[in-house]
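Protein sequences, first through last, are from chains A and B. Per my numbering, numbering of the first sequence is gapless, rising by one per residue and ending at 92. Per my numbering, numbering of the second sequence is gapless, rising by one per residue and ending at 451.
In short, the hints are calculated from the structure, not lab data. Hints are supplied without guarantee of correctness; some may be wrong.
[Unchecked claim] Only pairs whose alpha carbons sit at most 30 Å apart, straight line, appear in this in silico DSSO-like list of lysine-lysine:
id : chain 1 : residue 1 : chain 2 : residue 2
1  : B       : K271      : A       : K81
2  : B       : K205      : A       : K81
3  : B       : K271      : A       : K52
4  : B       : K271      : B       : K385
[Stated by the list, open to error] Residues from chain B that face chain A, not an exhaustive set, calculated with beta carbons under 10 Å:
id : residue
5  : F195
6  : A211
7  : P269
8  : A272
9  : S276
10 : V299
11 : V350
12 : E353
13 : S431
[To be verified] Covered, in the sense of this in silico footprint (three residues per stretch, anywhere, with C-beta under 8 Å from a C-beta of chain A), are these stretches of chain B:
id : segment
14 : 188-194
15 : 281-294
16 : 434-442
Glycine is no exception: its CB is placed at the ideal position from the N, C-alpha and C atoms.
One letter stands for each residue in the lines below.
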Amino acid sequence: MLTNLNILAMQFITLLTGITFRGGSWKQTLPAMVIGMLGIFLVIGIIIVATYALNKSFSKKEKNKEE
Amino acid sequence: MNFLETVKSLFSAFGEFYNPSAPLGGWGDGLKMLLMICIGALLVYLAIKKEMEPTLLLPMGFGTILVNLPLSGAIGHEGPITVLFDAGIANELFPLLLFIGIGAMIDFGPLLKNPWLMLFGAAAQFGIFFTFVMAGFFFDIKDAASIAIIGAADGPTSIFVADKLGSAYLGAIMVAAYSYMALVPIIQPPVIKAVTTKKERLIRMPYKAGDVSKTTKIVFPVIVTIVAGLVAPASVALVGFLMFGNLIRECGVLNGLSETAQNAFANSITIMLGLAVASRMYWAEFVNIETIMILALGLIAFIFDTVGGVMFAKFINIFMPKNRKINPMIGAAGISAFPMSGRVVNQLGLKEDPQNFLLMYSISVNVSGQIASVIAGGLILALVTPLV
């Protein structure tokens with residue numbers, strides 16, 4: 026049933042726009058979406074930790090210098 | 064050659080509007096040319112009259128008129144606009160150079176005081192990946208990824224990624240990216256209101272001002288470049304040039320260079336970028352159903368970026384004590400359109416409660432969106448390149 030609907034949707038969109046509907050593309054794009062979002066949180070997470078570490082170490086040192 | 068023939072040859076360009084094999088009785092191509100000339104004029108109008116991204120839309124609009132005139136000498140093998148495109152966009156040079164200027168303009172100070180705000184910048188890239196899935200239904204993987212990156216709300220990143228992936232729709236992607244960036248004050252408020260309650264929009268967030276050490280400001284761009292480069296090597300060029308610009312600003316010994324990078328340098332590159340991109344706004348490549356779909360998908364990307372940022376803030380609020388709740392609107396500022404998005408969120412806060420000042424938070428989140436969007440661009444490249 027679902028496959029038939031998929032084929033029908035493909036034909037309808039192709040007819041309407043002339044662009045081929047790629048019903049199976051989600052098998053490639055969906056995992057990429059999940060990995061991409063996880064990746065961006067991972068990179069930003071590391072940058073946040075590094076920034077806290079920078080703040081902690083350099084604000085102390087510069088305060089000591091001022092004193 | 065007699066007088067009449069000479070005059071006729073002078074006006075031969077007019078003949079290009081009519082092509083017997085074209086649709087609409089032979090006038091189809093001519094109408095497309097005229098449409099593109101009108102689009103160019105519209106971009107010039109929006110740049111001057113509405114001040115929508117004028118530094119880019121003006122050269123882009125004028126360039127569009129130049130390339131769509133019949134028998135235009137501006138494009139083609141030795142046309143100056145094609146030469147400019149090959150010299151600066153085909154090799155991704157102009158967007159990267161522009162990043163030096165953008166980096167020099169950004170003050171990461173308030174963000175460094177509250178590094179946790181960077182999480183919203185990450186969440187607000189959701190629109191990119193969501194649009195990637197949507198665009199995948201209609202375009203091949205490389206074009207879908209190039210279209211999705213419109214959601215980075217960052218022109219140079221969009222150009223860089225689309226160019227690197229060899230997308231055929233660079234012109235449409237550029238128009239969508241820069242138009243929607245300029246339209247952030249119109250696109251974001253209804254979306255934010257749709258996904259927040261009045262009670263949430265009234266949440267106040269007191270801001271504690273504080274200094275960040277100069278050393279932190281100097282080391283930060285280096286650290287970001289190294290971290291992003293190690294995790295997503297494809298993003299090194301993008302992140303690196305952005306952070307290099309910021310290092311020029313923060314190092315304290317290159318103030319003259321920083322000033323130049325922010326103004327004269329960035330403006331010069333933008334002029335060339337705008338003109339060069341116009342070469343991809345040629346009527347034969349631009350006027351088609353794909354362009355309309357790209358514009359629609361670009362809008363979806365901006366909407367879901369906004370939704371992603373707001374929903375993430377709402378999710379965080381589940382775990383926050385009652386007196387430390389976050390105003391979820393600040394999540395929407397995580398899209399990289401700087402500083403429009405930060406200002407829009409602040410204005411929305413003030414509209415709900417004239418004493419609710421969210422500017423420091425929204426601008427910080429907005430700046431983090433700048434970093435996150437560039438990293439997202441690198442991740443898209445890293446994820447998609449093996450699939451192409």
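- State the violated hints by number, sorted upward, taking the hints as numbered earlier in the document. Checked against the structure, the hints that fail are numbers 2, 3, 7, 8, 10, 11, while the rest are satisfied.
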